[in-house]
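**Student:** Sequence:
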Amino acid sequence: MWDRAACHGRSFLRRIEGLLIGARVLTALGRCLVEARPVVQVVFLMRFASGAALGTGRLRLGAALLGALGWSLATCAIYLCNGIADYAEDVGNGSRRPIASGALPLAFARRVVLVLAFAALVQAMIAGPCQFAVMLSYLTVGYAYSGPPFPLKRRYYTASLGGAALGLLTYLGGAVASARAISAPLLVFALAMTAWMGGVGGIAKDLSDVTGDRLAGRRSWPLVLGPQRAGGLMLLVAFAVAAGFTAAAAVAGHGLLLPAAAVAAGAVVLAVVTARVPPDASRRVRRRPYRVFMAVQYLGHAGLVLALLAPL
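For the sequence shown, the working numbering gives the first residue as 1, with consecutive numbering after it.
Since the hints were derived computationally from the structure, they do not count as laboratory data. Every value quoted in this text rests on a predicted model; they were computed, and no experiment measured them. Check each hint, because a few of them may be wrong.
[As the list claims (entries may be wrong)] Across the chosen pairs, the derived CB separations fall in these ranges:
(1) 125 to 279: 46 to 54 angstroms
(2) 137 to 101: 26 to 34 angstroms
(3) 94 to 251: 40 to 48 angstroms
(4) 25 to 268: 45 to 53 angstroms
Built from N, CA and C at the ideal position, the CB exists for glycine as well.
Produce the entire structure from the sequences given, and follow the hints as far as they go.
**Tutor:** Here you go:
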């Protein structure tokens, strides 16, 4: 009887131990998602959906949804990899992200990156050679942005170009996954929002991270030009993108005027917000231009959705 009781006791303890391990794994996976920045993940999904919506030809909705799932896995892998590579910078900048704060072990994060990237490639391979080629290019650029031996993020111009390439490939991925051809409106929208991402976002994201970037040996826009001149260049690019997008939207039509107006308004707000950031501001205040940049991405894509539902 005692042996049976002891056996049941050990079985119960093993179950409890299994539950605790499962809970720790789920917690770590949740922290991986936080590290991959859900706000950014949503923007990439919006880009992918825009590529599918603005293409020409019959939309394959099921294939597009599966493609979006695979693309999300790849994007999570890329940004989690970026979090791993940015450990020194994030610690220097006082970031509270899971990896920098020590809440997410680097070894676990690396394993998750490999699993996510592999799953994304398998999905793309099943979808077909074109989707696989685009996915492989996307993951390659994503790794090259952060990974050795020559990470693109080290230099200001390659960082901006790498970020822009990720955005442009996402629009292309949406069109390819849904079996649609590239249309003039898609080309205009994708190029405009990619220019906003690489030109404006490529500078805005570094304005608050000068300390950590300097410690890590990066050559970001604010470190090369100085924060004030980098901010001025960011605004110049923002207004150039807004003007070019508005002019092209007037010609291309297809509901692009509303998202173009959102970008133009965003450029004005960005100028106002940037002007109110003093040189000695805290990191939180210096982060405000980046928040405006992100908000414009959301508004631009939301404007496209509204325009497609009720064409202007």
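**Student:** Do residue 125 and residue 279 keep their Cβ atoms within the hinted range of 46 to 54 angstroms?
**Tutor:** 51 angstroms, holds
**Student:** Does 45 to 53 angstroms hold as the CB distance between residue 25 and residue 268, or does it fail?
**Tutor:** 47 angstroms, holds
**Student:** Is the hinted range of 26 to 34 angstroms satisfied by the C-beta distance from residue 137 to residue 101?
**Tutor:** 33 angstroms Cβ-Cβ, so the 26 to 34 angstroms window holds.
**Student:** How does the Cβ-Cβ distance of residue 94 and residue 251 compare with 40 to 48 angstroms: does it lie in that range?
**Tutor:** 47 angstroms, holds
Comparing the model with each numbered hint stated earlier shows that all of them hold.
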